[in-house]
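Colleague: Next come the chains, spelled out residue by residue.
Protein chains: 2
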Amino acid sequence: MEHFSDRLLNAIGRKGAPVCVGIDPVHERLPGELRRRIDGPRSALAAISEYCSTVLDAVADAVPAVKFQSACFERYRDEGVETLYSLIADASDLGLVVILDAKRGDIGISADHYAAGMFEPWVDRDELAPRLAVPDAVTINGYLGGDGIEPFCKGGRGAFVLVRTSNPGGDAIQQARLESGLSVAEHVAGVVNELAREHMGTLGYSDLGAVVGATKRDEIASLRSLMPRCIFLVPGYGAQGGGAEDVKACFNKDGRGAIITASRSVIYAYEEDDSQPWADAVAEAAQVFAGEVGEIAPV
Amino acid sequence: MEHFSDRLLNAIGRKGAPVCVGIDPVHERLPGELRRRIDGPRSALAAISEYCSTVLDAVADAVPAVKFQSACFERYRDEGVETLYSLIADASDLGLVVILDAKRGDIGISADHYAAGMFEPWVDRDELAPRLAVPDAVTINGYLGGDGIEPFCKGGRGAFVLVRTSNPGGDAIQQARLESGLSVAEHVAGVVNELAREHMGTLGYSDLGAVVGATKRDEIASLRSLMPRCIFLVPGYGAQGGGAEDVKACFNKDGRGAIITASRSVIYAYEEDDSQPWADAVAEAAQVFAGEVGEIAPV
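Chains A and B, in that order, give the protein sequences. Throughout the first sequence, residue numbering follows my numbering, covering 555 to 853 in sequence. Throughout the second sequence, residue numbering follows my numbering, covering 555 to 853 in sequence.
Calculated from the structure, these hints are not laboratory results. What you were told as hints is all true, and nothing was included just to trick you.
Because identical chains share one entry, a pair is satisfied inside a single copy or across any pair of copies.
The calculated SDA-like cross-link candidates involving lysine to any residue, where the alpha carbons are at most 25 Å apart (straight line), are: (1) LYS708 - VAL580; (2) LYS807 - GLY758; (3) LYS708 - HIS581; (4) LYS708 - GLU582.
Given these sequences and hints, build the entire structure.
Modeller: Given below as structure tokens:
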């Protein structure tokens, strides 16, 4: 199977912008017409499912990739997981590269189980029309080291290891300073870079990438140089405060090496714009986002 | 609701040993009579479900707690998650304290979703006989800091943060040395200890504990002193190589402060002992394990 990194870079080339829309749905923020149908957890999940299908349709022309926040679906237990994988199949059918933001991390044998659950096609309930409901890549927590990371980087699939997260709490651990002078995040970057060399695609990037928050502007250049052939998945753009200038340093001189993610500023765009149907507001926000990032990283 | 730490310590007192059986089922190692029925993923999951029910019955008299490895169930997607929570309800019905080893870790808002999914009762499919299918505590990856940990430590539930894992790969990050002289694992221990003070139970221990591998004998005393009021969840006993002497330092002078976990050496005990029905071999292994650990930490 084609390398994940090649698939992602080619999709970015076709759409003209290294961007990704984060699908982080919460029932409280759905459009009124969907929210009004909710009277309990099952109807909330049904509304979220319908909402996400429409969002995927609305953004598919403008962006090469989507990232599903697994927690928003796992909140609804097994039924949420079923909905998640059905939406992953929808996104694949639309030609989108799919990243599952699940932040798993365990010792080798358990990491194997997680990777199998995520990447091996499961028996579809609708066996008459089986679809490939597996993500192209997942996010991984690297605290357990290489044997917790390697299982996710096989068979044309990819993984992004958490290196520097966009949340305020991350500093307490990720910014601790080592004897070597590096921060813990930079040390993790070195571990990721070593593993990444073993998983190179044909376009010069690894199938093993890194999560680097857009809100950490001062640290991005150092992380870029520590992981030259890793693609950065960059959350925190838009609602979390990161802007186009902040993320410039995520890209290499070839204009590649990063994919910028915006979630709430795109998928809830109708909260700020009630001049058009809600799905049109989402589609427009995705186009604007792709245009902004496309300008700083022409592909 | 009663504090998690009180509930766990009282259960340990009743059973007389601070031990936990890890439920990490893989279909390849099930007893022959169950394995022979497997002809695909659905029948594998059905066999695992039946096996786990029997294992829970077999160990419930000897041990106060069980720990489910979420990956072994998530491997079977939504249907595996449904099975997992059904088994969690079975274990609760047997009076066992239930730890869900899911190693989740995300930024605050997503951590809230994970905590809600795990700790809030979901609509049971069998609405005529609803059962409380929620774990008493979960394992958490602390790399994202306090806002990723706090949501799991509420409403009488508990969490164990990964501090020092039992796998070989963990050294690359957890053993890196900081300017302060501490290892990264010891630094994480300090972060956990600060948060733990805010979640104290009435018996003097926090609802926020730590995962500390039994295979890391040289580091345990230091971690014990850095987190004096945290209960250690200690995997790696038995099949992974840790023994009774290795785990002594996990306990405080009051004989409390740790719960030792064995998985494969108990749940697959019939592989070494075909002199009796397989469930009896598991029950006996659980008794032997509880006896061994009970001797070094009399309660």
